[in-house]
Amino acid sequence: MITKAIIFIISALIYTLTLPFRILPDAVLPEGVENSITEVSGYLSGINTILPIDVLLQVFQAMIVLEVAILGFKGLNWVIRKIPGVN
Amino acid sequence: MAKKIAYRAFLGVFLGVLAVAIPFFVKGASIFGESFENLSTGDLTSWDTTDIFYEVVASGCAVGNKCLYLGLNNIGWSKYQYKDVSNPETTISYISVWIKASGGTGGVLVYPFNTDGDALPYIGMWNNSIKIGDQANLLASYSAGNWYNIQMEMDSATTKTRGRYRILGGAWNNWSNWSGATLPASGVSLGQIRLVQPSINTTGNMDNIIIGEGYAPDEDELPPVFEEIKTLNFNQPLDEASTPDFSSFLLSYQYYTGTTTPVSLIFNASIYDEAENFYGSNWIIESVIPDSTSTKYVYIPKSFVLPNNKWYNATGSMAFAIPGTILATSTSHFVVSTTSSAIWQIPPASTSTEWVLTCDPESGFFENSLCRLALFLFIPDMDDFSSIIETWDDIKNKIPLGYFTASIEKLETLSTETEETITFYIFGDFTNYIKNFFTTGFWILFGFWCFNRIKNLEL
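Residue numbers (this note's numbering), protein chains in the order written: chain A, 1 to 87; chain B, 1001 to 1459.
Among the hints, erroneous ones may be present.
[As the list claims (entries may be wrong)] Below, simulated DMTMM-like cross-link-like pairs (lysine to aspartate or glutamate); rule was C-alpha separation at most 20 Å, straight line:
hint, chain 1, residue 1, chain 2, residue 2
1, B, K1410, A, E67
2, A, K4, B, D1384
3, B, K1066, B, E1219
Everything labelled a hint here was simulated from the structure, so no lab data went into it.
Okay, chain B solo, but in the shape it has when bound (with noise of 0.2 Å):
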């Protein structure tokens, strides 16, 4: 008895100090996060801009290929482009940015603002220091030009801030004791960012700002933008008890988008069999504002009959995409069978066929005797045929055969996943017709060269 409270008791400690202790390791995850990578200049204009100067550049970045480059202006402090942006969940959340300041005084800034409109501590740099609002400097005297990350976590239950930084290609100095002097009242939420430039006298740039839940990582963590669909599942027709034929297609599927901007997703079913001779697809389109993990369901309708007591390919795919761009794709493929009883099968496991060739023992002596004459001198068994298949097995990779196998690997891969494309949605019917005549043309032209080749075959 004593043996069991005891051990419930150490049970309970352990869960307890778990539970308090998994905050402290989990590390924080972006849900807004800007590199510039894929932006220009005019992109910029969907932040709301005053008369900042502002352009995207793609030299001297810290991260990535390009960052932002904030110029000279003729006012000075207040001058700034703001963005919203999502307001962390969590009661720890932070931001990181990569600053370069091109002289001591003056600086830039990036000014957090709560979903009231309250000024939020702000970071980054500023006569001549490294500051997260107005806590002690960070860094009391920055070198001009080079790049820091600077970041700041904020707690919302208490109100307070503290911040690091570290060079570009050092290592992050400790981070600042809480601090909460100046917080507003209603709290660290964040609605906001503004991007300042509090003088005219300093030029600057930032790269990768990252606003996260929880704890700052000790890397930049981008948010995924458009991630490849994570999984599309191939449901069986809908009633199927009552038609024969595919009469619509359930598609269920997953994915991950860390953007709050409307996408269309594509979604498209095509039917195929054995011999993969086409039979008819449907599509439909969906605009819809993603949100980060999601499992839907999508219903193509019937648009044509199949014959019953046959194998199909069935393929589903969903493309996300903005006008003019396929984001992700993914395919999915799923075997379906229509039979006279109208039931929907899986299709019959593949069962190897094993080489066994045996006598009649019941053919007489002579004959049965002759028979295993002939089979043991001429019949070898599959075992034999093994050694040439494991010596394909082994050079086929081996410079220089494996070349070609890694580069037919590498366009089978492709081809995989390049397959179904938007135009084929759109206008499947019509190019299905035109490649059909392409891949019949080729073959009548193989075989006269076939013909050809072997009507002059010199021996």
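So here's chain A without its partners, still in its complex pose (with noise of 0.2 Å):
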């Protein structure tokens, strides 16, 4: 019940916070954007031969998890804070 509770109001949040988004179209990558990716991709390929290409974006993703960890964690100790007689 209380969990329950905690989950429904985390989940209304989300959705009103998301709600904008909602009625944007989705979005498809112009042309130019996809060719360019095609294109690194090609070179890309060629330097996985020696060089780990998808543990150097592996590590990259982690770093930023880290990140946002972290700015999530200060971001709910303001909260906390502006709570009255919290300091």
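From these two lone chains plus the hints, build me the complex, please.
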């Protein structure tokens, strides 16, 4: 019941925050961008013979996840400090 | 009884009409096509040539980016270049070509010859007319400098031909009547085409020269040169009963290609375990003259032994190649396991585990009640998370997140397509050592970065 209510509130909050995005159209990559990705992929597949590009991307992803986690933690701290009586 | 006879008679007539009608509705399939898109002037030396001036140009073409330019020569008629072509196997066949002439007199022609070396009716522009052999002019006066698509259909049964034309951007005129005044007695088989410039007065261009079986289609249908490999099946390894290791692989494959030029088929088999650790690979190269559609088998011999009782991902891939160029690749994944009983198995079906917590009714009234209360207060159903998951599904394709999603999907598609290259086949082990070295290095560096980042964290 309690956990369910918390999940419901979080869910409603996320829904409200994402409401403006729902009315937007689906994103379609411009042809130029697609061509660029294809072009770059050609070079990357060559480099990938020696240098593991997929691992490099995983490392970048892990770095981003850590940075987002730190930012989220700071944000949560900021919200908690706004509660009266909490320093 | 009468009803049955009437029904059978109707069915017979219907099927008969269908059998007769089908050839009239089936358009032809091209067996030779030259669009000059992948050629340079130097490549034309593979054509037998005399002193005609020819050049592959990349401007002012009818279809695509490149076409053939035929320049002025000193003699005129009978100067040509020719190319051997496949003979159509069907009774009806066709030639289609885009032609442009610089002037009214003179002209440019596609001149076919049959397999006995006898001349067939030509198509092209000559002396102010669009012609098919000696038939009545398809068009009495063409417009110089404009592209025309001219088609000729040949009937080897009746030794007759007919033709039609259209100007670039315009509609087809009606087919001419079937006629066969000058066809050789040996019929209209086809073995060679010659590109002729019958006059010293006119230059010309040609594009999309096509020879096909059946009736000519309204739109150009160039034959596939190197299409993607159609299917590639990675069968279970051989000798599964005698040895528990990967003794050899049997790859069965099917492909399309319209070329008669020998190509190399490169086959590769690689083994990874469930953690994607590379165990080994082997490859072979076969040089073949491909046919149009074929299913064949190739054995990749044993080169490594694997521990038993593990699941493995086996990847089989095949590539068409001419020296220095991979033309098409295909990859197939297969999951197998070796067991102590030496039986190859398919992987077990994955079962989803439902998150269900229950209380033990035998634990007593007080304990059971507390358990039920705790479950009611704190344990959500999986359905409660579904709205959050649905929210993500709703917005992941919307602007601006959708750009990232689309980019990632595009990258994933490309990474799948570019998986395994020739370099891997030849230097597989060596490159893997280097890649493993870099992989380890990247993660160690990431570890240092994490440690430093958290150490200097300011909250």
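Quick one: which hint numbers does this structure break? Sort them smallest to largest. 1
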